[in-house]
Structure formats: structure tokens, C-alpha cells
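> Next come the chains, spelled out residue by residue.
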Amino acid sequence: MTKVYMDNGATTPVDPKVIEAMQPYFSEVYGNPSSFHSFGREGRNAITEARDKVVELIGADYTKELIFTSGGTEADNYAIKGVASALEAKGKHIITSAVEHHAVLHTCKYLEKRRGFEVTYLPVDEDGLVNPEDVKDAIREDTILITIMMANNEVGTIQPIAQIGEIAKEAGVTFHTDAVQAVGTIPVDVNELNVDLLSLSGHKFNGPKGVGALYIRKGTRINKFMHGGAQERNRRATTENVPAIVGLGKAAEIAMEGLEQKQEKLVSLRDKLISGIEERIDHIKLNGHREKRLPGNVNVSIKYIEGESILMKLDLAGIAASSGSACTSGSLDPSHVLLSMGLTHEVAHGSLRLTLGKYNTKAEVDRVLEVLPKVVADLRSMSPIYNG
Amino acid sequence: MTKVYMDNGATTPVDPKVIEAMQPYFSEVYGNPSSFHSFGREGRNAITEARDKVVELIGADYTKELIFTSGGTEADNYAIKGVASALEAKGKHIITSAVEHHAVLHTCKYLEKRRGFEVTYLPVDEDGLVNPEDVKDAIREDTILITIMMANNEVGTIQPIAQIGEIAKEAGVTFHTDAVQAVGTIPVDVNELNVDLLSLSGHKFNGPKGVGALYIRKGTRINKFMHGGAQERNRRATTENVPAIVGLGKAAEIAMEGLEQKQEKLVSLRDKLISGIEERIDHIKLNGHREKRLPGNVNVSIKYIEGESILMKLDLAGIAASSGSACTSGSLDPSHVLLSMGLTHEVAHGSLRLTLGKYNTKAEVDRVLEVLPKVVADLRSMSPIYNG
Amino acid sequence: MYTDKVMDHFENPRNVGELEGADGVGTVGNAKCGDIMKMYIKVADDKITDIKFKTFGCGAAIATSSIATELVKGKSVKEAQELTNKAVAEALGGLPPAKMHCSNLAADALKKAIDNYLGLETKNECEDHHHHEHNDFDHGCSI
Amino acid sequence: MYTDKVMDHFENPRNVGELEGADGVGTVGNAKCGDIMKMYIKVADDKITDIKFKTFGCGAAIATSSIATELVKGKSVKEAQELTNKAVAEALGGLPPAKMHCSNLAADALKKAIDNYLGLETKNECEDHHHHEHNDFDHGCSI
Ligand SMILES: Cc1ncc(COP(=O)(O)O)c(C=O)c1O
Ligand SMILES: Cc1ncc(COP(=O)(O)O)c(C=O)c1O
Chain H
1 MTKVYMDNGA
11 TTPVDPKVIE
21 AMQPYFSEVY
31 GNPSSFHSFG
41 REGRNAITEA
51 RDKVVELIGA
61 DYTKELIFTS
71 GGTEADNYAI
81 KGVASALEAK
91 GKHIITSAVE
101 HHAVLHTCKY
111 LEKRRGFEVT
121 YLPVDEDGLV
131 NPEDVKDAIR
141 EDTILITIMM
151 ANNEVGTIQP
161 IAQIGEIAKE
171 AGVTFHTDAV
181 QAVGTIPVDV
191 NELNVDLLSL
201 SGHKFNGPKG
211 VGALYIRKGT
221 RINKFMHGGA
231 QERNRRATTE
241 NVPAIVGLGK
251 AAEIAMEGLE
261 QKQEKLVSLR
271 DKLISGIEER
281 IDHIKLNGHR
291 EKRLPGNVNV
301 SIKYIEGESI
311 LMKLDLAGIA
321 ASSGSACTSG
331 SLDPSHVLLS
341 MGLTHEVAHG
351 SLRLTLGKYN
361 TKAEVDRVLE
371 VLPKVVADLR
381 SMSPIYNG
Chain F
1001 MTKVYMDNGA
1011 TTPVDPKVIE
1021 AMQPYFSEVY
1031 GNPSSFHSFG
1041 REGRNAITEA
1051 RDKVVELIGA
1061 DYTKELIFTS
1071 GGTEADNYAI
1081 KGVASALEAK
1091 GKHIITSAVE
1101 HHAVLHTCKY
1111 LEKRRGFEVT
1121 YLPVDEDGLV
1131 NPEDVKDAIR
1141 EDTILITIMM
1151 ANNEVGTIQP
1161 IAQIGEIAKE
1171 AGVTFHTDAV
1181 QAVGTIPVDV
1191 NELNVDLLSL
1201 SGHKFNGPKG
1211 VGALYIRKGT
1221 RINKFMHGGA
1231 QERNRRATTE
1241 NVPAIVGLGK
1251 AAEIAMEGLE
1261 QKQEKLVSLR
1271 DKLISGIEER
1281 IDHIKLNGHR
1291 EKRLPGNVNV
1301 SIKYIEGESI
1311 LMKLDLAGIA
1321 ASSGSACTSG
1331 SLDPSHVLLS
1341 MGLTHEVAHG
1351 SLRLTLGKYN
1361 TKAEVDRVLE
1371 VLPKVVADLR
1381 SMSPIYNG
Chain D
2001 MYTDKVMDHF
2011 ENPRNVGELE
2021 GADGVGTVGN
2031 AKCGDIMKMY
2041 IKVADDKITD
2051 IKFKTFGCGA
2061 AIATSSIATE
2071 LVKGKSVKEA
2081 QELTNKAVAE
2091 ALGGLPPAKM
2101 HCSNLAADAL
2111 KKAIDNYLGL
2121 ETKNECEDHH
2131 HHEHNDFDHG
2141 CSI
Chain C
3001 MYTDKVMDHF
3011 ENPRNVGELE
3021 GADGVGTVGN
3031 AKCGDIMKMY
3041 IKVADDKITD
3051 IKFKTFGCGA
3061 AIATSSIATE
3071 LVKGKSVKEA
3081 QELTNKAVAE
3091 ALGGLPPAKM
3101 HCSNLAADAL
3111 KKAIDNYLGL
3121 ETKNECEDHH
3131 HHEHNDFDHG
3141 CSI
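Protein chains in written order, with the working numbering: chain H, 1 to 388; chain F, 1001 to 1388; chain D, 2001 to 2143; chain C, 3001 to 3143.
Hints are computed from structural coordinates only; laboratory data are not their basis. Careful, some of the hints might be misleading.
Straight-line alpha carbon distances no greater than 27 Å define the calculated DSS-like cross-link-like pairs of lysine-lysine that follow [said to hold, decoys possible]: (1) F:K1090 / H:K113; (2) F:K1064 / H:K109; (3) F:K1136 / F:K1092; (4) D:K2032 / D:K2075; (5) D:K2086 / F:K1064; (6) F:K1092 / F:K1218; (7) C:K3075 / F:K1003; (8) H:K374 / D:K2086; (9) H:K64 / F:K1109; (10) F:K1113 / H:K113; (11) H:K113 / H:K64; (12) H:K92 / F:K1090.
Every value quoted in this text rests on a predicted model; they were computed, and no experiment measured them.
Please take these sequences and the hints and turn them into a complete structure.
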């Protein structure tokens, strides 16, 4: 069975050129970059090169503004807890949105429950958009951090970050954006976006898992998250993961070179997929903003059936996708993102996310458009709430 | 020039069998292990297998007692901050030693400075040993955690962890050990050691960088360090680093099979190196306990000369080593470990660490024994404090 | 995650559909819970002579419905009443822990169909089954 | 980390040794600081006719000592007095930031040797140079 992978929002295959770049750093150039000798020096130089590439990808001004982490989650934890800890004497109010990734939401909840912070969770409209005016209105005397994601991982909606950034700047409030879904797929420039902190993760754009970065604008007050040795200019302890960092650098380089082309390809596949689904299946609803949307994201609610069973049927046909149904996560409530956008539990349960990556083809989109309608018909025929 | 790598205490080359085991997980079995489909399932299964191997290596009873992390530092941060956060209502006193790794020491300092904890830093004797009686005496009503490393990274001294563990158990205090230097090199059994928490790191025993684990005994109260998704049974968020975890599993398997052999080999090389140095160079001092010592660790203070210049000369001769001299780290004070053991600044500055790994050979030891005396003579001839 | 038996019943569910002129009909769950199961039974000589189901829900929900119909078809009403959700899960070779409670309601649906046949009233089971305490940090992974 | 010039002076230090019958001797640093430099000069016709050094310290300390002797050999005492630590570092093509302060004392040692030649007393520079504030979290990596 030919398999079709359309879960690039969850993770992506590592580009062969990235694997190749990493290879020497496992057993040839294996020295600890903090070590004094030639083995360490070579690793150190490799990290410097990788950092330059990532810095360039996000348009940062200084290489020292970029700290490597173990992924997007650590970058989010570091940004939010680090700023909270540095500024808690100044204030204990944080603004975020209801549709953030759990790496942001659960970190905010931790600060609320255990560290005495107050958090405002801004609502979104039916497309998943945060209103910049709401951000402005939510800012208080004691607001020390605004954290709003750049692009939503479930529904693909792209937030007006530059505008929110301007508001934050004017108010003098530190602004973080979780750009894990954006970096490497759409243009990201920390200066145009007016952000002080930005999280990214390698495995979302054909880089390795287990590595990400936090951009920290010069002058931003932030405390450490990982205590220990003086690595990363004494900002993040632990022996540098040289192969992964080199891989992230290579992925950044590749992403930058091919950004426009990749975007165009994904948009065309995405729009083909969306219109194909809309033509072939009734009682569906596209989730997320139709235009302000990640190039590779398709998210539809398919009424009267449930997400996990859709995924299972697709999986049996060799198609990998994901869902915001509670049933895929073993929890009780479906996606907090879909519920925040006003979907009923019932409709949210029937959501399907297909996320395209740079290796997907037109033929694969066709295959999905062939299989999915059958799956839906099959499940609807079993559904006690469908009166087809 | 043939190079000799004797800095295995800093990091080790990845075993080719480990690299091979990791290989498929970059671009073939790349699915997100939390995903529902076959791509994810394969990654999930690979993690399960890896976990079994690491669990076996440390003699844990249940697989769910092991949480993968991004390395030894994260495991230490998680253990200490996690227990501190879970038990702070009960008490705010922590016991540790003066010779811990910075991942432990700086985490404790953070708790002292920012979270209102009190930390007792136990002294060590001239061999670097903690006295279990001192631990017992330091326990107070409000002591919630004891954290003492299993083997010291600089001088190789192995602490009486089982005894300390018994004391902790009797007192009902949670006990953590940083076993980063021990696991994979000497036998480690969490039950024999009476530990509740144990940190390990892959790259110290020919596994990959960027991955480690925290053992958490069933029933131990601990809060999260990394907030976000529900990975690792909701204990540690972030997309699982599948290739690295698989690599850690393989390294554990290899270590377990070859433990005795590796130990014997290292001890024999180590003792040859120590006696060779002692025969060839005068005015030296072996640091660390002569018997209760990591099989691969040699640490000597070479009087009248300074560590960094020794390293540089060795490096020019192709030999990679490390030093506890302040000059290698750009800080002002030499190794806190050596100072805690009673060395003067002057002697501590002249320390040299040679750490052997499983790939080192007798010929390499001979090479070091040939080069080092010349280096020492050369530097001493330049030293204003040497009256040879 | 699922056993071969679950997968078999998910791929080839037995006794899907409605029964016209059913002697008893029972529904448990609601769409908010993520699972709705509807069971139709025909009874003759105190035996379940025919049974069909319709299910909105995940793989486990569909498979448990399917096997439950198989387990009781031809059995006496009393035997059918004694079927437990646990027995259904066991017949499938087990279910993942997360699915034990929320998608394993087929025996309840059957019981309601029998009650309906017997002329008894029962409450909807959803609230009971779904709202055990859970903590905010315990959500699934969004990836 | 070090420039080629530093490495050259570290590998092949110029003017190492002591000068018997030196006209001036100067020492800076102490072993606690991690660096000790001792300079010996011979002076004739107000010129530094010979100079030698001994250094306990890191690569930067040795290289700065070496190049400093080269820079002033044959120069007038006045010119030698004007040599600064900064100029020494520049002559080496720069030093890593961490080394700028703690191992870059050759000009100071030279100045003390000249003062000694001139019959002036000076204090040990170590305290001044080494005890600028530093924070506990700022230690190097122990690996
Ligand atoms: C928007 C967003 N933020 C954060 C993360 C977490 O990244 P990682 O899995 O690299 O920790 C993800 C993906 O998992 C994401 O999509
Ligand atoms: C004793 C000890 N603990 C902790 C660490 C930190 O491990 P890692 O570099 O994997 O974070 C190290 C090594 O760096 C170590 O030797």
C-alpha cells in the first residue's frame, strides 16, 4: 500500500540534506563544544554556523539573540517562565489567547495556579483570530507579558502579530510569539513582527526533532529556565546537542532558499484539497480563516461522524492525518481551539486536520480526495445522528 | 597527526551501532509518536522498546518510572525543581553536597535565591567523599529533598549512595542522585541504591547528545518541569525525540551487555595512566579517591604550572583532555570541586583530567605518557614559581 | 493501541443498522460526550433473535457495539442483561485504559434496549460516565 | 578561540627565561589569580637592551608575555613605559573577551620591572585586576 503522510503539522520527515549535514557530528566531530581542545572547537564552530543560519531565517540582528533549546515546548516554557520570573516584582499579569498551544496554555496555567499570576485568555472569532483591540484593552498596569501565537497548529489561522507587536511596544510590554508552526513555512521577521521573543522548533520544517530555539531581543529581561553549566552564553545549561543544532541550521538554510517555492506549492495543494473536499462531501465546515491561513493547513469538521474513527479508516487506507477530537487524545473534551471558535462539541468531535508538507504531491491529494468521501459515507451510514 | 581523545567525561563518541539504530527514525519512521496513525505508532513502539532497555539498565521495577529528557541537566532540573514545587508546603530545606555538578548546584542556588528555600551544602573530605553521617545530621523537620551525586565528573570519586539512600529512606526524605557519570560505566541499580530519583544522560556512555532520563520511583511526589502536551504520560511535554530516544535505548543495551568488560578495560588503562604519570612526573597529586573512583577517571594536579596551558600543549600534540582551571572556563575561580577538597587555588589551577572511554587503547595511554612529561617540563621551565 | 480483534470489529462491524419494528431500542451517550450508541433488539421466546446498532464515536465505540451485538445475539434476555462493559472489553482482548470508560458503553445501550422492551424507564448514562473529575493539565497533546 | 599570532607566541615563546644581573625585575599576579608574570630587563643608554620573562598562566598569559618582550626589546625606556595591555592584545590580533582582563598583564609586569630599574615602589596588581564583581551563576561549564 502506498502511504500518504498528511500530518506535517504534527511533525515532518527530516530532509536528507539535513541528515547528511548532521552525520559527522555523531562519531567524528563529537567533542563537547565547551571543551578546550580541537574536538570541542570543531563542534563550537559548527554551532556558530548553525546559529547564523537560524538568525538569518528570522531576520534577527545579533547572533547572540538566539538560544538553542530542546524544541518548541522548551522555548515556550523558557520565554514565559523566564519573563515571569524576571519581571514578577513589576507585575503579575499575562495576556494570551484561548487558542494557544498547550506549551503556552499549560505554562500560563502553572503560573496562575502555583505562582500567583493572573492570566487573561483572549477570545477569538469564528475564524480563530485574536482582535488586536482586545489585546490593547486587556493591558493593565501590571501586565508584564503578552504571548500570542503566530499561526495556529490546528486550524492554521495566522494572527495579526505585527499589529499586536506594535501595541505591545507602545505599551512597553514584553511580547512573545510561538511561531513554531510558522518558521520555515511562511516569512518570519522578528523586526517586522515587533516581537521580543519568538519560539521555533526544528521538526516542524524538515529539521530534526529535539531541537528548537528561542529568539530573545537584545535588552529583554528574562531569567533562566534550565540551570547548570554556562552553555549558550550562560543562558541555557546542558551539553550542546551539536548534531541536532547543525541539523536545525541546515533546515533553516534550506527553508530560506526555498521558502517562496514551498509556500506556492503548499497553497496550491491546500486549495485543491479544500475545494475537492467541499465539492465531494456535504455537511462539512472549513475551520480556520480561509485566507489568513498556513499554506499547508486543511481543517474541516465533518458533521455526524467522529474524528478518531475517520482517522482509523484513513489510516487503514494508508493516509496519515490528525483530528481535534477528544478521542484521539484520550481526554474528554475535544480541541480547545475548535471550542473557542464557537464549534459545538458534536461538530468539534468530527474534525479532521490534513497538513501538507514539502514532499506531498498532487497525486497524494487526489488519493485523499478519492478515499475520504468513501470513509465519510461509510461512517455516516453507521451514525445514529445522520439522516442522509 | 593521530589524535587521542581522553575527554570522555565531557562527552563520548556515539557508538556506530547506536547511529545505525537511530537512522530509520529521521526520515522513514518519522511520525509523531503522539499521532494516531501508523507513522506515529511505529515511533511509539520504538520508544517503548528503548524505555524497556534503559529501565533494565538501572534496575527499575516499572517502565512508567522512567521519563525521557533532553539530557542530564534537564533531569537534574526536573528532579530538584519538581520535588521542591510538589513539597514546598511541607518544607523548604534541601541537602546537597559542595561537589555537585552545576546542573544541581545552580538549580539549588536558584531555589535559594528566588524561591525561599534553604540549602545545606555538605562538605567533602580530601578525597571528595561525602560522609553519610553528615547527611544524617543535616536532616531537619523541613527537609524535603536530599540530592547527592553518584560519581563526581571531575575527580571521579564514587559516593556511598546506598548508605545515604538508607538514611534518607529511614527519615522519609525524598532522595535524588545525579548518576550522569555513573550510568553505563558502573553498575547502577535504583533499588540497591535506595534512590527515589536518578538522572542519567546518553552522551556520557556512547549514546547521542540531547537525550537523558529521569527515573522517578513510583509514588514519589514531583511536579512538572516542562509544561505543555501530555507526552511521557503527561509528565514531560514536547514532541518525543524519537531518534535520540532510540539511540539512548541502544546505548543502554550495549552498555549493559558490555559493562563488566568495559569496566575492567577502563580500570586497567586508568591505573596504567595513573602509575605512569606518578612515575614520570614529580610534584603531582592525584585528585579524588584512589579506589572509590570511576573506572575511566584520572585527575592530577601538576604543581607550578597552569591547566589551560597544559591543555593547549596537549591539544597541539593531538591529545584532548580537560582541566578544572578557571582559565578554561573564563571564570575566575578554579573548580569548586577541587577547592572543596581542600586544594589551594594554585594547585587547583594546575589540574588535568584525562577521562578514558571504551574506544581508548593502551597505545593511546602510552602516547599520553610520552607527551605529558615533555609538556610539563616545558611549562615548568617557563614558570616563575618552579625551582626545579 | 487497539488489539486485532478491535480492529476487526471496527473494519467489519457486525450487525450495523436499524431494526424496523424493533421490540426494544436503547440509546446511551450524546454527541457532547463524543459517543452515541443506539441498540435495536427483537425478542421472541425470551431470546434476542435479532440485534442491530448505530454508533457515533471512535474506533473503540464502534468495535464494542459490534462485538456486544455478537455476544448476545441468540442469548436469553436474562443472559443479555448480565453482559457488562468489562466483559465486552475482555471479549475484544482489552481496550486502551483511556477508552475503558468513555467508549465502552455497549452493554449499557443494550441494557437500555432491554429495559425499553420490558417497559422500564432509565436515565441517560452519559453524565455518569463522562464527568469523573479530571484536571486541567491532563489534556491530550496538541501537535 | 585564539588567533594564529597567539598560538605562535604560545608555541614558540620569545625571550623565555631569567636574566642574570638584570637591571629591573617586575612581578604581577599571584598563583591564586591563576597568572604570575615575571619580567627581567637590562637597560643601557636608556634602551631596553635585553628582556626575558617567566610566566605561570594560561595560553593568553604566556603569549602576551612573549609578545610584550618582543615589542619593547631595543626600545627606549620611555617607549616601553607607554606600552599598554591593550596594545599588547592588539599586537596579538586580539584576545577572547574572557581573557582581556585576567591574563593580559604583561605591560603591567614590564612597567614594574622598569619601576624597579628606576628605583620606584609599586603594589601588586593582582587584587585590582581580579576582583571585579562576578555572579555566582556565572561559572564556567563543568562537563
Ligand atoms: C504552535 C506550537 N507550539 C509549540 C509546539 C511544541 O513544539 P515541540 O513539540 O517541538 O516541543 C508545537 C508542536 O508540537 C506547536 O504546533
Ligand atoms: C555529573 C553530571 N551531571 C550532569 C551533567 C549534565 O548533563 P548534560 O550535559 O547531559 O545536560 C553532567 C555532564 O555534563 C555531569 O557530568
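> Could you run down the list of hints and mark each one as holding or not?
Hints, verified against the model:
{"no.": "1", "hint": "F:K1090 / H:K113", "verdict": "17 Å, holds"}
{"no.": "2", "hint": "F:K1064 / H:K109", "verdict": "25 Å, holds"}
{"no.": "3", "hint": "F:K1136 / F:K1092", "verdict": "17 Å, holds"}
{"no.": "4", "hint": "D:K2032 / D:K2075", "verdict": "32 Å, violated"}
{"no.": "5", "hint": "D:K2086 / F:K1064", "verdict": "24 Å, holds"}
{"no.": "6", "hint": "F:K1092 / F:K1218", "verdict": "22 Å, holds"}
{"no.": "7", "hint": "C:K3075 / F:K1003", "verdict": "43 Å, violated"}
{"no.": "8", "hint": "H:K374 / D:K2086", "verdict": "33 Å, violated"}
{"no.": "9", "hint": "H:K64 / F:K1109", "verdict": "25 Å, holds"}
{"no.": "10", "hint": "F:K1113 / H:K113", "verdict": "21 Å, holds"}
{"no.": "11", "hint": "H:K113 / H:K64", "verdict": "33 Å, violated"}
{"no.": "12", "hint": "H:K92 / F:K1090", "verdict": "25 Å, holds"}
Of the numbered hints stated above, those contradicted by the structure are hints 4, 7, 8 and 11, listed in ascending order.
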